[in-house]
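Student: Here is how the chains run, residue by residue.
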Amino acid sequence: DAKTTQPTSMDCAEGRAANLPCNHSTISGNEYVYWYRQIHSQGPQYIIHGLKNNETNEMASLIITEDRKSSTLILPHATLRDTAVYYCIVRNYGQNFVFGPGTRLSVLP
Amino acid sequence: EAGVAQSPRYKIIEKRQSVAFWCNPISGHATLYWYQQILGQGPKLLIQFQNNGVVDDSQLPKDRFSAERLKGVDSTLKIQPAKLEDSAVYLCASSPALVWGNEQYFGPGTRLTVT
Chain A
231 DAKTTQPTSM DCAEGRAANL PCNHSTISGN EYVYWYRQIH SQGPQYIIHG
281 LKNNETNEMA SLIITEDRKS STLILPHATL RDTAVYYCIV RNYGQNFVFG
331 PGTRLSVLP
Chain B
2 EAGVAQSPRY KIIEKRQSVA FWCNPISGHA TLYWYQQILG QGPKLLIQFQ
52 NNGVVDDSQL PKDRFSAERL KGVDSTLKIQ PAKLEDSAVY LCASSPALVW
102 GNEQYFGPGT RLTVT
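Chains as they are written, first to last, in this note's numbering: chain A, 231 to 339; chain B, 2 to 116.
The shape of chain A in the complex, shown without the other chains (with noise of 0.2 Å):
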């Protein structure tokens, strides 16, 4: 089972930052926490992934509490083609990936 609590779906207006919640309180100390996302008739896309740290790269913002038992995923401007599911994933190196159902986004014009 995902170790991850996700909404089911969110809406976010174009242009504006689209804020991604996940849940993952029972996260153990050498769980990195990984985002991919999944474009409509596409495999999975990585996106970040992070330990304890925030980290940005050029897709995404990770924004991971002290006490890592939850995370924000942060798309600062949102286009039409960020319209995806989002998977959240609690992974230690060397497991496999669960993948949960993930968050619906819709971008919305």
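Some clues are possibly wrong.
Stated by the list, open to error - Straight-line Cα separation of at most 30 Å, DSBU-like style, residue types lysine-lysine; simulated pairs:
(1) B/Lys45 with A/Lys299
(2) A/Lys233 with B/Lys16
(3) A/Lys282 with B/Lys45
What the hints assert, rightly or not - Some residues of chain B that are not near chain A, with every Cβ distance over 10 Å (derived):
(4) Lys12
(5) Ile13
(6) Ala31
(7) Gln42
(8) Asp57
(9) Val74
(10) Gln105
What the hints contain is simulated information worked out from the structure, not anything from laboratory work.
Just so you know, even glycine gets a beta-carbon here, dropped at the ideal spot from N, CA and C.
Chain A is already provided as a structure; the job is to place chain B on it using the hints.
Tutor: Okay, now just chain B, sitting in the frame of chain A:
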């Protein structure tokens, strides 16, 4: 860099028939994965290869599913005989390393419909 290739993209078969899916991973990637994704759910790992050896096939229904990666490059997943509940998208993914690789790169998937 070429991505993970899969074929066919779509397949419709009747129950009790056989079907095979093909995957060619990114060049140089040692680890290959097959996932099953049922509509509305996240992908579920079926089998994981490291080069041509099986690392994890604990979730593969071995009475009807089989997979091979004979030369450590491309791979085939077979279902024989198919059941209605096998209708799903079958995703192949690859990564450069088994333990320390952060990212899995996914192919577009094969959508199987069993009637």
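Student: Does each hint fit the structure? Answer for all of them.
Tutor: Each hint tested on the structure:
{"no.": "1", "hint": "B/Lys45 with A/Lys299", "in the structure": "holds (24 Å)"}
{"no.": "2", "hint": "A/Lys233 with B/Lys16", "in the structure": "violated (34 Å)"}
{"no.": "3", "hint": "A/Lys282 with B/Lys45", "in the structure": "holds (27 Å)"}
{"no.": "4", "hint": "Lys12", "in the structure": "holds (15 Å)"}
{"no.": "5", "hint": "Ile13", "in the structure": "holds (16 Å)"}
{"no.": "6", "hint": "Ala31", "in the structure": "holds (14 Å)"}
{"no.": "7", "hint": "Gln42", "in the structure": "violated (6 Å)"}
{"no.": "8", "hint": "Asp57", "in the structure": "violated (7 Å)"}
{"no.": "9", "hint": "Val74", "in the structure": "holds (19 Å)"}
{"no.": "10", "hint": "Gln105", "in the structure": "violated (7 Å)"}
Checked against the numbered hints listed earlier, the structure breaks hints 2, 7, 8 and 10; every other hint is satisfied.
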